[in-house]
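Peer 1: Just so you know, UniProt numbering puts 33 at position 33 of the sequence shown, and the rest follows in order with no gaps.
In short, the hints are calculated from the structure, not lab data.
Where is the CB? At the ideal position from N, CA and C, for every residue including glycine.
One thing to keep in mind: the hints can contain errors.
To be verified - Ranges of calculated distance between the beta carbons of each label pair, as one might list FRET restraints:
| id | residue 1 | residue 2 | range |
| --- | --- | --- | --- |
| 1 | Ser70 | Ser49 | 20 to 26 Å |
| 2 | Pro102 | Gln52 | 22 to 28 Å |
| 3 | Ala99 | Glu46 | 25 to 31 Å |
| 4 | Arg71 | Leu18 | 35 to 41 Å |
| 5 | Ala95 | Ser23 | 21 to 27 Å |
| 6 | Arg72 | Ala99 | 19 to 25 Å |
| 7 | Ser23 | Thr69 | 17 to 23 Å |
| 8 | Gly104 | Thr76 | 48 to 54 Å |
| 9 | Pro102 | Arg80 | 31 to 37 Å |
| 10 | Ala99 | Ser49 | 24 to 30 Å |
| 11 | Arg88 | Glu38 | 33 to 39 Å |
| 12 | Leu32 | Arg87 | 18 to 24 Å |
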Amino acid sequence: MQTAGSGIRLTDAARGFLKALASDTRQQILFLFEGGVELTVSQVAERLSLAQSATSTHLATLRDGGVLTSRREWKTVYYRADPDGVRRALADLQAALAACCPPGDGPSAGGCG
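Could you put the whole structure together from the sequences, leaning on the hints where they help?
Peer 2: Below, the structure written as structure tokens:
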């Protein structure tokens, strides 16, 4: 966990999630997995016209951030969206943001105004 000066904690899951989605390319990759589709590195690279090595790095970052999960079938790695990982990271992020910036009626209601 990372703690800000005020004591608000951002979990590793939330930080990994933010890092995973910080790239436009990784956001484009994520949308390829809509509907529970499984794809290989080669398939993702081909669909987005990316180098296979760059694609592999992006997929690893998405997996490490809890956005994707993977399974190996002999030499081939299949990736798919990880809804549970996304839900966990979003819940952690929401809790941190609520502590920082509680909902209210105006700037004086929370710490972000």
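Peer 1: Ser23 and Thr69, beta-carbon distance inside 17 to 23 Å?
Peer 2: Because 19 Å falls inside the window, the suggested range holds.
Peer 1: Is the gap between the beta carbons of Arg72 and Ala99 within 19 to 25 Å?
Peer 2: Since the Cβ atoms of Arg72 and Ala99 sit about 39 Å apart, the hinted range of 19 to 25 Å is violated.
Peer 1: Does the hinted range 35 to 41 Å hold for Arg71 and Leu18 at CB?
Peer 2: With Cβ atoms ~25 Å apart, the hint is violated.
Peer 1: For the pair Pro102 and Arg80, does the Cβ-Cβ distance stay inside 31 to 37 Å?
Peer 2: Roughly 35 Å apart at Cβ, these two residues keep to the hinted range, so it holds.
Peer 1: Taking 18 to 24 Å as the stated bounds, is the beta-carbon spacing between Leu32 and Arg87 within them?
Peer 2: Holds: the Cβ-Cβ distance is about 20 Å, inside 18 to 24 Å.
Peer 1: Between the beta carbons of Ala99 and Glu46, is the distance compatible with 25 to 31 Å?
Peer 2: The hint (25 to 31 Å, Cβ to Cβ) is violated, given that Ala99 and Glu46 are roughly 43 Å apart.
Peer 1: Between Pro102 and Gln52, does the beta-carbon spacing fit 22 to 28 Å?
Peer 2: violated, 46 Å
Peer 1: Take the C-beta atom of Ser70 and the C-beta atom of Ser49, compute their distance, and say whether it sits inside 20 to 26 Å.
Peer 2: holds, 22 Å
Peer 1: Indicate whether the distance between the beta carbons of Arg88 and Glu38 respects the range 33 to 39 Å.
Peer 2: violated, 21 Å
Peer 1: Honestly, do Ala95 and Ser23 meet the 21 to 27 Å range at C-beta?
Peer 2: holds, 24 Å
Peer 1: In this structure, is the beta-carbon distance linking Ala99 and Ser49 contained in 24 to 30 Å?
Peer 2: About 42 Å separates the Cβ atoms of Ala99 and Ser49, which means 24 to 30 Å is violated.
Peer 1: I want to verify a distance hint. Is the separation of the beta carbons of Gly104 and Thr76 within 48 to 54 Å?
Peer 2: holds, 51 Å
Hint compliance for this structure: hints 2, 3, 4, 6, 10 and 11 are broken, all remaining hints hold.
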